[in-house]
Amino acid sequence: NLPGVKYENYTYEGYGPGGVAILIEVMTDNKNRTVPDIRHIMSKNGGNLGESGCVNWMFEKKGTITIIKDGINEDDILDKSLELGADDFQSGNDVIEITTSLEAFGDVSSGLEKEGYEIEGEVGLTPTNSVNVRGNDARQLLQLLEKLEDHEDIQKVYSNFDLDESELSSLV
Numbered sequence: 001n002l003p004g005v006k007y008e009n010y011t012y013e014g015y016g017p018g019g020v021a022i023l024i025e026v027m028t029d030n031k032n033r034t035v036p037d038i039r040h041i042m043s044k045n046g047g048n049l050g051e052s053g054c055v056n057w058m059f060e061k062k063g064t065i066t067i068i069k070d071g072i073n074e075d076d077i078l079d080k081s082l083e084l085g086a087d088d089f090q091s092g093n094d095v096i097e098i099t100t101s102l103e104a105f106g107d108v109s110s111g112l113e114k115e116g117y118e119i120e121g122e123v124g125l126t127p128t129n130s131v132n133v134r135g136n137d138a139r140q141l142l143q144l145l146e147k148l149e150d151h152e153d154i155q156k157v158y159s160n161f162d163l164d165e166s167e168l169s170s171l172v
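Sequential numbering from 1 applies to the sequence shown in full-length UniProt numbering.
Derived by calculation from the structure, the hints in this document are not laboratory data. Small disclaimer: the values here were computed from a predicted structure and weren't measured. Among the hints, erroneous ones may be present.
Restricting the straight-line Cα-Cα distance to at most 27 Å, the calculated cross-link-like pairs of lysine-lysine (BS3-like) are [said to hold, decoys possible]:
#1 K62 - K80
#2 K69 - K44
#3 K156 - K6
#4 K61 - K31
#5 K80 - K114
#6 K62 - K156
#7 K31 - K156
#8 K44 - K156
#9 K80 - K44
#10 K6 - K147
#11 K31 - K6
#12 K156 - K61
#13 K114 - K61
#14 K156 - K69
#15 K61 - K147
Construct the entire structure; sequences and hints are all you get.
Right under this line is the structure:
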């Protein structure tokens, strides 16, 4: 941050390839520069910027807690997190991701830390439904999301796409 420069937060919404909802959180010192940049990135990559409110109803605030698997018992974490009030539990290759309501986030986080687990937690937006994308839509969507995330004023990009493992491996 530079002295005398005022940064403001904005949220922009739109759609990407395949009808995927995209919500973009921005912090900028110049909205008149950032909005055309976002509009350009969206339109050049199969998306379009929408009106305020067009997709935010498709997301809800949730807590997400991530634990690195490194030799821990998943059943114990599942039992403990559900006991503490977690909503969902996903086990990936290297990490376990626990989803909580906003209200339960603090209790679940501190409860897991008290049990000795190293956690990373954040509150963010989770889609209430997802759109499966394939082929060219998937390729174009991933390019769009990457370009949005690379923009210096964009803090966070949320979307509601779902991509099959086989589809992802064919794109990489």
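Cross-check of the supplied hints:
1. K62 - K80: Holds: K62 and K80 sit about 19 Å apart, inside 27 Å.
2. K69 - K44: The given pair, whose Cα atoms are some 39 Å apart, is violated under the 27 Å limit.
3. K156 - K6: holds (19 Å)
4. K61 - K31: holds (25 Å)
5. K80 - K114: It holds: about 11 Å lies between the C-alpha atoms, which stays within 27 Å.
6. K62 - K156: Given that 27 Å is the threshold and the Cα spacing comes to 15 Å, the pair holds.
7. K31 - K156: holds (16 Å)
8. K44 - K156: Holds, because 20 Å separates the two Cα atoms, which is no more than 27 Å.
9. K80 - K44: violated (46 Å)
10. K6 - K147: With Cα atoms ~25 Å apart, K6 and K147 stay inside 27 Å; holds.
11. K31 - K6: holds (11 Å)
12. K156 - K61: holds (14 Å)
13. K114 - K61: holds (25 Å)
14. K156 - K69: holds (25 Å)
15. K61 - K147: Holds, at about 24 Å.
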